[in-house]
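Trainee: Below are the chains, spelled out letter by letter.
Number of protein chains: 2
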Amino acid sequence: MGGNASGKQSPLVPLGWEVLYYVSGCLAGLLGERKTVTELRFDQWTNLYAPRVGHMKSSEIRELLAVTARPDVISFAGGLPDTRVFPVHQVVEATQRVMLREGAEALQYGPTEGHEPLKRHIVSIMAEWGIEVGIDDLIITDGAQQALEFLGKIFISKDDIIIVEAPSYVGALQAFSGYEPNVVAIPLDEFGMRTDILAERLEELAKLGRQPKFLYTIPNFQNPAGVTLIEERRREITKLSKIYGFIIIEDDAYGRLRFEGEDVPPLRSMDENVIYLGTFSKIFSPGMRLGWVIAPKAILEKIIFAKQAANLCAGSFSQRVTEEYMSQFDWRQNVESLIDLYRERRDAMLTALSEFFPEGATWSHPNGGLFIWATLPDGLDSGEMLAEAIREAKVAYVPGRACYVGKGGNSSMRLNFSYCPPETIEEGIKRLGAVIKGQLALYRSLFQEYPPESKNGSE
Amino acid sequence: MGGNASGKQSPLVPLGWEVLYYVSGCLAGLLGERKTVTELRFDQWTNLYAPRVGHMKSSEIRELLAVTARPDVISFAGGLPDTRVFPVHQVVEATQRVMLREGAEALQYGPTEGHEPLKRHIVSIMAEWGIEVGIDDLIITDGAQQALEFLGKIFISKDDIIIVEAPSYVGALQAFSGYEPNVVAIPLDEFGMRTDILAERLEELAKLGRQPKFLYTIPNFQNPAGVTLIEERRREITKLSKIYGFIIIEDDAYGRLRFEGEDVPPLRSMDENVIYLGTFSKIFSPGMRLGWVIAPKAILEKIIFAKQAANLCAGSFSQRVTEEYMSQFDWRQNVESLIDLYRERRDAMLTALSEFFPEGATWSHPNGGLFIWATLPDGLDSGEMLAEAIREAKVAYVPGRACYVGKGGNSSMRLNFSYCPPETIEEGIKRLGAVIKGQLALYRSLFQEYPPESKNGSE
Numbered sequence: 001m002g003g004n005a006s007g008k009q010s011p012l013v014p015l016g017w018e019v020l021y022y023v024s025g026c027l028a029g030l031l032g033e034r035k036t037v038t039e040l041r042f043d044q045w046t047n048l049y050a051p052r053v054g055h056m057k058s059s060e061i062r063e064l065l066a067v068t069a070r071p072d073v074i075s076f077a078g079g080l081p082d083t084r085v086f087p088v089h090q091v092v093e094a095t096q097r098v099m100l101r102e103g104a105e106a107l108q109y110g111p112t113e114g115h116e117p118l119k120r121h122i123v124s125i126m127a128e129w130g131i132e133v134g135i136d137d138l139i140i141t142d143g144a145q146q147a148l149e150f151l152g153k154i155f156i157s158k159d160d161i162i163i164v165e166a167p168s169y170v171g172a173l174q175a176f177s178g179y180e181p182n183v184v185a186i187p188l189d190e191f192g193m194r195t196d197i198l199a200e201r202l203e204e205l206a207k208l209g210r211q212p213k214f215l216y217t218i219p220n221f222q223n224p225a226g227v228t229l230i231e232e233r234r235r236e237i238t239k240l241s242k243i244y245g246f247i248i249i250e251d252d253a254y255g256r257l258r259f260e261g262e263d264v265p266p267l268r269s270m271d272e273n274v275i276y277l278g279t280f281s282k283i284f285s286p287g288m289r290l291g292w293v294i295a296p297k298a299i300l301e302k303i304i305f306a307k308q309a310a311n312l313c314a315g316s317f318s319q320r321v322t323e324e325y326m327s328q329f330d331w332r333q334n335v336e337s338l339i340d341l342y343r344e345r346r347d348a349m350l351t352a353l354s355e356f357f358p359e360g361a362t363w364s365h366p367n368g369g370l371f372i373w374a375t376l377p378d379g380l381d382s383g384e385m386l387a388e389a390i391r392e393a394k395v396a397y398v399p400g401r402a403c404y405v406g407k408g409g410n411s412s413m414r415l416n417f418s419y420c421p422p423e424t425i426e427e428g429i430k431r432l433g434a435v436i437k438g439q440l441a442l443y444r445s446l447f448q449e450y451p452p453e454s455k456n457g458s459e
Numbered sequence: 460m461g462g463n464a465s466g467k468q469s470p471l472v473p474l475g476w477e478v479l480y481y482v483s484g485c486l487a488g489l490l491g492e493r494k495t496v497t498e499l500r501f502d503q504w505t506n507l508y509a510p511r512v513g514h515m516k517s518s519e520i521r522e523l524l525a526v527t528a529r530p531d532v533i534s535f536a537g538g539l540p541d542t543r544v545f546p547v548h549q550v551v552e553a554t555q556r557v558m559l560r561e562g563a564e565a566l567q568y569g570p571t572e573g574h575e576p577l578k579r580h581i582v583s584i585m586a587e588w589g590i591e592v593g594i595d596d597l598i599i600t601d602g603a604q605q606a607l608e609f610l611g612k613i614f615i616s617k618d619d620i621i622i623v624e625a626p627s628y629v630g631a632l633q634a635f636s637g638y639e640p641n642v643v644a645i646p647l648d649e650f651g652m653r654t655d656i657l658a659e660r661l662e663e664l665a666k667l668g669r670q671p672k673f674l675y676t677i678p679n680f681q682n683p684a685g686v687t688l689i690e691e692r693r694r695e696i697t698k699l700s701k702i703y704g705f706i707i708i709e710d711d712a713y714g715r716l717r718f719e720g721e722d723v724p725p726l727r728s729m730d731e732n733v734i735y736l737g738t739f740s741k742i743f744s745p746g747m748r749l750g751w752v753i754a755p756k757a758i759l760e761k762i763i764f765a766k767q768a769a770n771l772c773a774g775s776f777s778q779r780v781t782e783e784y785m786s787q788f789d790w791r792q793n794v795e796s797l798i799d800l801y802r803e804r805r806d807a808m809l810t811a812l813s814e815f816f817p818e819g820a821t822w823s824h825p826n827g828g829l830f831i832w833a834t835l836p837d838g839l840d841s842g843e844m845l846a847e848a849i850r851e852a853k854v855a856y857v858p859g860r861a862c863y864v865g866k867g868g869n870s871s872m873r874l875n876f877s878y879c880p881p882e883t884i885e886e887g888i889k890r891l892g893a894v895i896k897g898q899l900a901l902y903r904s905l906f907q908e909y910p911p912e913s914k915n916g917s918e
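For the record, the sequence lines run as chains A and B. Read in order, the letters of the first sequence are residues 1 to 459 in my numbering. Read in order, the letters of the second sequence are residues 460 to 918 in my numbering.
Looking at chain A on its own, in the form it has when it is part of the complex (with noise of 0.2 Å):
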């Protein structure tokens, strides 16, 4: 039987859950928004859940989504794309025509591994993008998300090892942290996850007779940290994975959206084992909640059963408009607009920060996707100064802690640039710096003449 899921704690602990608690209920105070954290309401169910719920907790993605849902507050919280821009005369359009066409088909349930068309448009896009795949080796899924839900519950059992970069995808993070893995996190410098730290850390495994289930990256723009991996360290990555017998998962969500320099060669270009994840989110819309991932066929398979067992097959209206949208208007020049868009943005950011934010701060200087991932001075608590950044002066980014599993990233943020027009960025990144200059003092007087051991660091 299971046992009682609130009393029970894992040493390790995935996702940091007491971090989350903070924000959540530290958001939730501060914008009147109803609690969710469940400890705080007696729950007369607790002898009947499973263990893994213990792990399953809100994380702030959920809170900043209210957030950004507040006129008055500027967020830099969430990671939406700017769907503003959209020409929405070209949904309307794709809609009528297969509705007209295939109506009865657009409403009907529809194969698990998705509409055929909109999958052979997945496998010449990914031609463009130096992945040779056929029709077969891919599934639609509903966004990358799912895909990253699906591989927890595939290769997850209780404690199993998994290797994800530090600081990573909250909501990554969330997905595989309900199958109770351990997590080993790998830092991040300018050029992506430290392979020398990578080597080093499978070795140890190794002589303990651990061998990682998988490792997870996001290659290109990384969430949060807006930096990307080197074509160096890509290759070294699949060669750790023959080593020692672990599966890659790319993470691709960001890809498309590179504002100046060359592309990096995929890492399913130099090894077809690794697993890729797609999405339709950054260069269409998030709310078809479409993405795709490719695996080897034993793999895809499993994915195939475990979507049948999540919702059958995706939503057979938005694949068949998205098939339509995608094949019968430009998309790439929608892409290159939203491209266009956000470099500016990032650009207005960038000097914002170099103006408003104190000395001793420092930032990636991402060459595309939505993050900016900045680190405070002196040891200065990006969490604890999220109440004040709302309240104050209504402006919200993402505690870098949020991002972490176990410790780090306390001194950091994840900004997000592309939802914001350039004055409110400005707008936003003065007003936050104004928070940050007010702490600094405050926390300089307090220490001057006793300093503070270090903190922990983000990087």
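Keep in mind that the hints were calculated from the coordinates and are not lab data. Since we're looking at a predicted model, the values are computed, not measured. The C-beta atom is built at its ideal place from N, Cα and C for all residues, glycine as well. Some hints could be false.
Partial list, derived from the structure: chain A residues whose beta carbon lies under 10 Å from chain B [as the list claims (entries may be wrong)]: (1) Arg84; (2) Gly178; (3) Gln211; (4) Pro286.
Following the hints, put chain B in place on chain A, whose structure we already have.
Mentor: Structure of chain B alone, referenced to chain A:
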């Protein structure tokens, strides 16, 4: 570390996977489909899978959807509503209005709980159906199927006890089986689940110190049996849930498709701790992949966490188009038309069964829904017969044993009547009757002198 999944087998075999193996193998072979059963393929990653993967098998739903796509096969196998009669221009109009009014939001991420106006619409529908809830008592899921997956994840640890009907919905058995439960299956009669047998089993389990996690029922026009749980037994089940401390999951996928007679009050109207699953798949469109789950707040929060990890949110596009359709068009009138259509088809199937099935065969007489459950005489095996039915007679159905956990259902079959027009139903049942009569003649000539021991029948 996770063991070798492929070499491992639970003592109580969930979902009767060897049956699914047989069924899918048989269908795939006959139809020249790609073989989907993993055991036939060399899989270098078996040492990396979590043990639960050993229970994640393809259901024949997948194979059967492939069958339905072949124009020369009359398929009674799917569970498809008939979307061919749907006024598609209403969807075009709804999409146009949504995109012009709120295009950016329809293409954007949305809240995990679902689009609020759609939730409000569900609240008002539920009130009409006898269930009083507020907007915070439910969330939107990707069809009712996704709620089943979440409930498995939240409640089931390996070897936990769950209670289902025998026979039950194969997709539910599949969703639960991924979490490795021990399944107690309670037989049905024409009044639904046999609560006398349920009470006995619960007492036996209590003596063994085992508490079931939940009881899963499809009370209206059950899939696959077509029977409706009578009110007296509904009250009995809610009483037993209080005594023995398990949760009730009420899957009401078909309740709105009543052809005659009066609605029976939902279990959720008798007990507010019941988890209720609804879906737009049968009253609007499965292609939108939208359903909802009503649960006590503490449990609903766990479901929200699971939804975040699974796919962040349901699609904004399909939610908003569905909401526009439900609020701007006379969806009740469309459902009435469906009911008239399905009633006529059920009658056609009942008439054809009387005419073409051999003496000794029996079948249910559903007052609604999509399915008739037929049982063959003399212990004829519907699973063994399926190959011939498809090859010789070009007619498909779901063999009864696929709807059972472990043994049972060998002589039975699920026949869908909602998808084919009456003439096709008559023709299909005629062909199927001929196959059965042929098998019966063969069987009787073989065993007239040495009758076999009675086989494990369905009911």
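Trainee: Which of the listed hints are not met by the structure?
Mentor: none
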